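K.L.:
Those protein sequence lines, which keep their order, are chains A and B. All residue numbers for the first sequence refer to my numbering, where the first residue is 1 and numbers rise by one. All residue numbers for the second sequence refer to my numbering, where the first residue is 170 and numbers rise by one.
Treat the hints with care, as some may be off.
As the list claims (entries may be wrong) - Under the rule of at most 16 Å between Cα atoms (straight-line distance), these lysine to aspartate or glutamate pairs were calculated in the EDC-like manner:
(1) A:K154 x A:D112
(2) A:K157 x A:D70
(3) B:K317 x B:E404
(4) A:K52 x A:D112
(5) A:K53 x A:E139
(6) A:K157 x A:D134
(7) A:K32 x B:D208
(8) A:K3 x B:D500
(9) A:K41 x B:D208
The set of hints was computed from the structure by calculation and includes no laboratory data. Treat the numbers as computed from the prediction; the structure is a model and nothing was measured.
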Amino acid sequence: MIKSLFFLWEFLKGIYITARHFWINIFFNFFKLIGFKIREKGSVTIQYPEEKKELAYRHRSLHRILSREDGSPRCVACLLCMTVCPSECIYVEAEEDPNPEIQKRPALFIIDISRCCFCGFCVEACPEDALRMDTNIVELAEYKREKLIYELDKLVKISNGKIQMSNLN
Amino acid sequence: MLLDILIITIKIILGISWLLTLTLILTWVERKESAVVQDRIGANRASILGIRIFGLFQPLADAIKMMFKEDFIPPFSNKFLHTIAPFLSFFFAVVTLAAIPFGNEIVIGSKVIPLQIMRMNVGLVYILAMFSLGIYGIIIGGWASNNKYTLLGGMRGTAQLISYEIALALSLVGLIMIYPSLELNKIVQYQGDLFFGIIPKWGVILQPLGFFIFLIAGMAETKRVPFDLPEGESEIIGFYTEYSGMKFGLFMMTDFVEVILISALITTLFFGGWQIPYLHSDGFHFPWGGKVILNQWIIILLQVLSFNIKVAFFCWLLVLARWTYPRYRYDQLMNLGWKLLIPLSFVNILGTGLVLNLI
Numbered sequence: 001m002i003k004s005l006f007f008l009w010e011f012l013k014g015i016y017i018t019a020r021h022f023w024i025n026i027f028f029n030f031f032k033l034i035g036f037k038i039r040e041k042g043s044v045t046i047q048y049p050e051e052k053k054e055l056a057y058r059h060r061s062l063h064r065i066l067s068r069e070d071g072s073p074r075c076v077a078c079l080l081c082m083t084v085c086p087s088e089c090i091y092v093e094a095e096e097d098p099n100p101e102i103q104k105r106p107a108l109f110i111i112d113i114s115r116c117c118f119c120g121f122c123v124e125a126c127p128e129d130a131l132r133m134d135t136n137i138v139e140l141a142e143y144k145r146e147k148l149i150y151e152l153d154k155l156v157k158i159s160n161g162k163i164q165m166s167n168l169n
Numbered sequence: 170m171l172l173d174i175l176i177i178t179i180k181i182i183l184g185i186s187w188l189l190t191l192t193l194i195l196t197w198v199e200r201k202e203s204a205v206v207q208d209r210i211g212a213n214r215a216s217i218l219g220i221r222i223f224g225l226f227q228p229l230a231d232a233i234k235m236m237f238k239e240d241f242i243p244p245f246s247n248k249f250l251h252t253i254a255p256f257l258s259f260f261f262a263v264v265t266l267a268a269i270p271f272g273n274e275i276v277i278g279s280k281v282i283p284l285q286i287m288r289m290n291v292g293l294v295y296i297l298a299m300f301s302l303g304i305y306g307i308i309i310g311g312w313a314s315n316n317k318y319t320l321l322g323g324m325r326g327t328a329q330l331i332s333y334e335i336a337l338a339l340s341l342v343g344l345i346m347i348y349p350s351l352e353l354n355k356i357v358q359y360q361g362d363l364f365f366g367i368i369p370k371w372g373v374i375l376q377p378l379g380f381f382i383f384l385i386a387g388m389a390e391t392k393r394v395p396f397d398l399p400e401g402e403s404e405i406i407g408f409y410t411e412y413s414g415m416k417f418g419l420f421m422m423t424d425f426v427e428v429i430l431i432s433a434l435i436t437t438l439f440f441g442g443w444q445i446p447y448l449h450s451d452g453f454h455f456p457w458g459g460k461v462i463l464n465q466w467i468i469i470l471l472q473v474l475s476f477n478i479k480v481a482f483f484c485w486l487l488v489l490a491r492w493t494y495p496r497y498r499y500d501q502l503m504n505l506g507w508k509l510l511i512p513l514s515f516v517n518i519l520g521t522g523l524v525l526n527l528i
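One chain only, chain A, in its complex shape (with noise of 0.2 Å):
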């Protein structure tokens, strides 16, 4: 058991790192307390609802549908979206369009949020970019199902990010 003696080293070695982590991260922590600039953190926390992580350029967040220059949703109701959902959580119900160079248009475009895995699929097979995923916006919790339910004119509503989740509902 003396040779637990040898350990003892180790055990020192062990200690001085915490304790050294210890007071480094005590002194930035300090330095910013008092408002000093310094370019080390002291921490790697991100205290989220205050302070959020910018999102990935190609981050896939809540959708949203474009519309022409007219105001009118670009959807042409082709249904190819609601084939290629993996989680079977797009509806969409075609009618007729008054203009002759369209033809068709949804009469009901429905995604229910929470029943979507997010994969992106639906805004690939679009042939008209209408359906897309970088409105940023991804706190999406609701405390009824209902609201998790999002149809056409919400989704046409929600520009990038600039209208918030509060605005929506």
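Guided by the hints, dock chain B onto chain A, whose structure is given.
P.N.:
Chain B alone, transformed into the frame defined by chain A:
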């Protein structure tokens, strides 16, 4: 007579509130220190009216949560013993405080008030005895829960604490040989002397090996992580599995109280207690000839402050050790206790005896 009773009551109230306040702060220190060591921030959300002050309200929130949790006594347990076990554990930890000196003494007229709850001439033996009795809380808690895991945890805890009790006591024998007293205030007073007129005669300088053994055995006595076999919260199930609410809270608090008491003991025995180097009863007398005369009250304030700073440092060190080391395996623990610490403490006693004989 009435005045004496009043004084001792005030001292008990002050001592216990000191201990419990420090316990609450230590739970905060535990969270924050572990966070800072691991590059995190730690609990800082508990607030009163939006005021957070680094999460210092977290202990209060914890205490409120513990109080309002359901206090469940399992139907298959021995109800009386199950209830009394945490109180035993907590009581025997807290009474240890009685013998620890916070400062020298206050002299008002002819009245001498020692800054120590009880000045008894068996102080050290009393403390060791109370630490040993604390084992009853563990073994009764483990047995009365009537659960095989808690029983095993209680057995492990008892075995561990009894083994380390021996090393703890033996490591102090060398110290008692140097400072010939069991009364803690006398031991502290002896440590005020100087070596060659410069180096203070602190226990750690005269008894480095004893200090090392006492530190490790004391860490084992607190039942915290490098030695947390009785509890084993992460995988081996411990003796307070069947406890909930404030009874569990009492077991938790016992751990923290023991950390404070072990820190206070290390301070008192090995780091000069309330002594500040070169501070005598009338002020500073520096060995290079300087002299600063101070008021009695300032000296007492400095002594109490010095004691508290030392205790805070050792609390910090013990918490740091808790967040640095992994747990010992059971056989390694027993090997460390019986095959390393106890022989080393015998070596320490022998060496001290030899040196004392030669001088």
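K.L.:
Next, verify each hint and record whether it holds.
P.N.:
Hint check:
{"no.": "1", "hint": "A:K154 x A:D112", "verdict": "holds (12 Å)"}
{"no.": "2", "hint": "A:K157 x A:D70", "verdict": "holds (14 Å)"}
{"no.": "3", "hint": "B:K317 x B:E404", "verdict": "holds (15 Å)"}
{"no.": "4", "hint": "A:K52 x A:D112", "verdict": "violated (26 Å)"}
{"no.": "5", "hint": "A:K53 x A:E139", "verdict": "holds (13 Å)"}
{"no.": "6", "hint": "A:K157 x A:D134", "verdict": "holds (14 Å)"}
{"no.": "7", "hint": "A:K32 x B:D208", "verdict": "holds (14 Å)"}
{"no.": "8", "hint": "A:K3 x B:D500", "verdict": "holds (15 Å)"}
{"no.": "9", "hint": "A:K41 x B:D208", "verdict": "holds (9 Å)"}
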